[in-house]
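K.L.:
Here's the letter readout for the chains.
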Amino acid sequence: MRDELESILEVDGVYKRYARSAAATRKQLSEVFLCALTGRSVERSDHQKDEFWGLRNINFSVNRGQAIGVIGFNGAGKTSLLRVLGGQLLPDRGEVRILGDSASFIDLGAGFNPRLSGRANIFIKGAVLGRSQEEMEAVADDIIAFAELGDFIDAPVNTYSSGMNARLGFAIVTHVDPSLLLIDEILAVGDFHFRQKCLRRVREMRQNSSFVLVSHNMSDVRNFCDEAIVLERGAIVCKGTPEEAIEFYQESESRLLGANQPEAGERFRTQIHGHFVKQEDLVEFEHAYWGTPSGEGLGSFTIGDPVGIHFRFRLKYSPRGLRIGIPVWNQNNIQVTAFASFQKGAIIRPDTDGYVSGFLDLSRSAFNPGEHLAVISVHDNKEFLLRQPLDVIDIQGKPMTQYWGATHMNHEWQGLDFQ
Amino acid sequence: MPSQQSKDRQVTVYRSQTRLAKTPLDAIDELVRELWRHRWHVSIKYKNTFKSRFNQTAFGIIWQFIEPLLPISAYALLAYIAVFPTRDDMPALVYIAIGLTLWMLMTDLVTRQMAALQSNAAILNKTRYPLAAVLAEAFAQSAFETVVRILAGCVIFGLLIGAPPWQAVIVLPMLIPPLLLALGAGMIFSVLNSVYRDVENIIQIIFRYGFFLSLTIFPLPSHPIVDRLLAFNPFAVYIDAIRNAVVFGAPPHALTFGIWTVLAVAIFIGGCNLIYVMEPRLKGFL
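Residue numbers (the numbering used here), protein chains in the order written: chain A, 220 to 638; chain B, 184 to 469.
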């Protein structure tokens, strides 16, 4: 039986030096070359004028089944750390010890031969991950079934969409059962259904594998990781529970951005809900609010009340594919649902003055009680014209009724004898 | 093949000293193991490259057989119209076929390895696909072209001379030193070219001039200085010795061939050790 406290990954005093210029890079490489020729040590404790430490004194460990999140600003050293853990870069000082083998989600398509079929690439990618032909033959059918590529599995990979590529890559990497998985922001593979499947697969893998997850999505770090570290200029500045690390990161962000920047909480909300945009040269936004069908604005309502979202804006040009989407999140930052005009299969036509106004009737919706945030998103084909949050709505439950989860379904118990 | 359980117990360590403490023989052993582990991968990549190289052309795969023979036919034509001197004791076509086959085998091995390292930079940087496998793919193409040239050479030899003397079997062990030299030099120059990008150009210049000073397509006049220069040119030493062995069954000049054999082995071991040590360090620089 496996020891759950067994350490799968130990990172001990790792430093990685980088060059700032092409000349310094050449100098570094010459130095390494001479060391390789003479067999002398390449380690040095300093860095020269044109160099800097990309990683400084990194120490942490991950036990079997544990997941550690790595957060930090751009350039903090997160990807360098993943590359060192994956053996793609050697540390300049310190060492990384991995019990078993590692696989990386850093670039799922890396190692594919685009001219070969998906089926052949299962073996090619397997070889890149250090697996033999026989080992890959044993899991090839499972990979094909998981990737859901159907007959495309025998088509060349260069005919695949990026989503199909990622699905095949994900299926291969997760079926080689590595001890350590290195993930860089890519739990969002494919459509919603496939993403759920990926998350389920990753959850199953937690029995045997450990994870290092680099992410800017604090929700992923909070939900997925047991511990988290914050990197700043190549060094660990905070190590603790995901909540502690996220709080530290947001405080650092506030300090760094200064008082004129939006509140940390607001920025955090942006990370969950996406960026808000308003292209004022293209669209004039009048309003979007929760209200009754007659147009009366609401700050709260009780489940079952007639309610919906009113919106109005004016376009300053003739759009080719105007669509509206309204995603909704609950107070736990879980996206409850989204309403999309294009599910009706048609694009919206503004009136002769360019105005678009309407009402999204949500009287029969299945929200559970709690505060909810809706965002109105107007786009012309793929270009966002407007993406703005509505005021938070407080949804009240019906008296004497209990609610679980994020939504409730219309249902009826049948065949039971209730007292 | 290691089982899943033994893989789970294996400890992988990455540190700055990784691979530096290993001996050259350890390096060769590890490279051979890596190649064996990736043999299927190398073969399928090679087969795919082989098939796809001319897949938009009318003659298709036939070009794979025509291309390696073009230099021999071109230089044979030049020899026929007496553009350069020939040897009296063997037909010019035989002289050229043997010389070019050996020259192109050795130089292709060097230049293809350099090119392979550069063209596979992405896969080497982003994955753990071994450098040895990338170099082996380059070797496979050179090997195929050499086989085509040898087969053509056999036909030419049979038509113009007849059966070779039985002593010509000595050619088989004699081919090993030039192969080792070219493989070793290719590995060293590939790594060196990643550090100093001028290396590829310098090698091209050396090969352009070396072609005419290596007894490849015509003999050089006998002169003490020329003879001494040729003794310092491994291409000339190997080409001349192997050609004489094939045509006359003559053994090589023991001292010169012996020295170059020792040097070839040393260069091969040095090359293997260098790519083994440099492989993890080149990632990120390629």
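Hints in this document: simulated from the structure, not taken from any laboratory.
Mixed in with the good hints, there may be bad ones.
[Unchecked claim] Below, in silico cross-link-like pairs of lysine-lysine (BS3-like), each with a Cα-Cα straight-line distance of 27 Å or less:
| id | chain 1 | residue 1 | chain 2 | residue 2 |
| --- | --- | --- | --- | --- |
| 1 | B | 205 | B | 466 |
| 2 | A | 497 | A | 601 |
| 3 | A | 497 | A | 458 |
| 4 | B | 205 | A | 246 |
| 5 | B | 205 | B | 309 |
| 6 | B | 309 | A | 416 |
| 7 | A | 458 | A | 535 |
| 8 | B | 230 | B | 309 |
| 9 | A | 535 | B | 309 |
| 10 | B | 466 | B | 309 |
| 11 | A | 268 | B | 230 |
| 12 | A | 246 | B | 230 |
| 13 | A | 268 | A | 246 |
[Said to hold, decoys possible] Some chain A residues flagged as far from chain B (calculated, every beta-carbon gap over 10 Å):
| id | residue |
| --- | --- |
| 14 | 247 |
| 15 | 306 |
| 16 | 311 |
| 17 | 312 |
| 18 | 326 |
| 19 | 413 |
| 20 | 496 |
Each residue gets a CB set at the ideal place from its N, CA and C atoms; glycine is no exception.
K.L.:
Each of the hints needs a verdict: does it hold here or not?
P.N.:
Going down the list of hints, with the structure as the test:
At most 27 Å may separate the alpha-carbon atoms for a hinted pair to count; residue 205(B) and residue 466(B) meet this at roughly 19 Å. Between residue 497(A) and residue 601(A), the direct Cα distance comes to roughly 15 Å. Compliance with the 27 Å bound is thereby established for this hinted pair. For a cut-off of 27 Å, the pair hint linking residue 497(A) to residue 458(A) is broken: about 38 Å separates their Cα positions. Taking the CA atoms of residue 205(B) and residue 246(A), the gap is near 25 Å; set against the 27 Å cutoff, the hint holds.
Between residue 205(B) and residue 309(B) the alpha-carbon distance is near 25 Å, which keeps this suggested pair within the 27 Å criterion. As the CA atoms of residue 309(B) and residue 416(A) are separated by approximately 26 Å, the hinted pair is consistent with the 27 Å bound. Between residue 458(A) and residue 535(A) the CA atoms are separated by roughly 50 Å; this puts the pair beyond 27 Å, and the hint is violated. A distance of roughly 23 Å separates the Cα atoms of residue 230(B) and residue 309(B); the hinted pair therefore holds under the 27 Å criterion.
For the suggested pair residue 535(A) and residue 309(B), the alpha carbons sit about 46 Å apart, so the restraint of at most 27 Å is broken. About 8 Å separates the Cα atoms of residue 466(B) and residue 309(B), which keeps this hinted pair within 27 Å; it holds. Only pairs whose Cα atoms come within 27 Å are accepted, and residue 268(A) paired with residue 230(B) is rejected, the gap being roughly 48 Å. A distance of roughly 39 Å separates the Cα atoms of residue 246(A) and residue 230(B); the hinted pair therefore is violated under the 27 Å criterion.
Proximity of residue 268(A) to residue 246(A) is assessed by CA-CA distance (about 12 Å); at most 27 Å being required, the pair is judged to hold. Taking the minimum C-beta to C-beta distance to chain B, about 8 Å, the non-interface status of residue 247(A) is violated against the 10 Å cut. Consistency note on residue 306(A): stated as away from chain B, yet its beta-carbon is not over 10 Å from all of that chain's, at 5 Å minimum. The non-interface label for residue 311(A) is inconsistent with chain B: the shortest C-beta to C-beta separation is roughly 5 Å, within 10 Å.
Not every C-beta of chain B lies more than 10 Å from that of residue 312(A), the closest at about 6 Å, which undercuts listing it as non-interface. Interface exclusion of residue 326(A) from chain B breaks down, the closest Cβ pair being 5 Å apart, not more than 10 Å. Once the 10 Å rule is applied to beta carbons, residue 413(A) is consistent with being away from chain B; the minimum gap is 23 Å. Distance to chain B confirms residue 496(A) as a non-interface residue, since its nearest Cβ pair spans about 33 Å, more than 10 Å.
Consistency with the previously given hints fails for numbers 3, 7, 9, 11, 12, 14, 15, 16, 17 and 18, ordered from lowest to highest.
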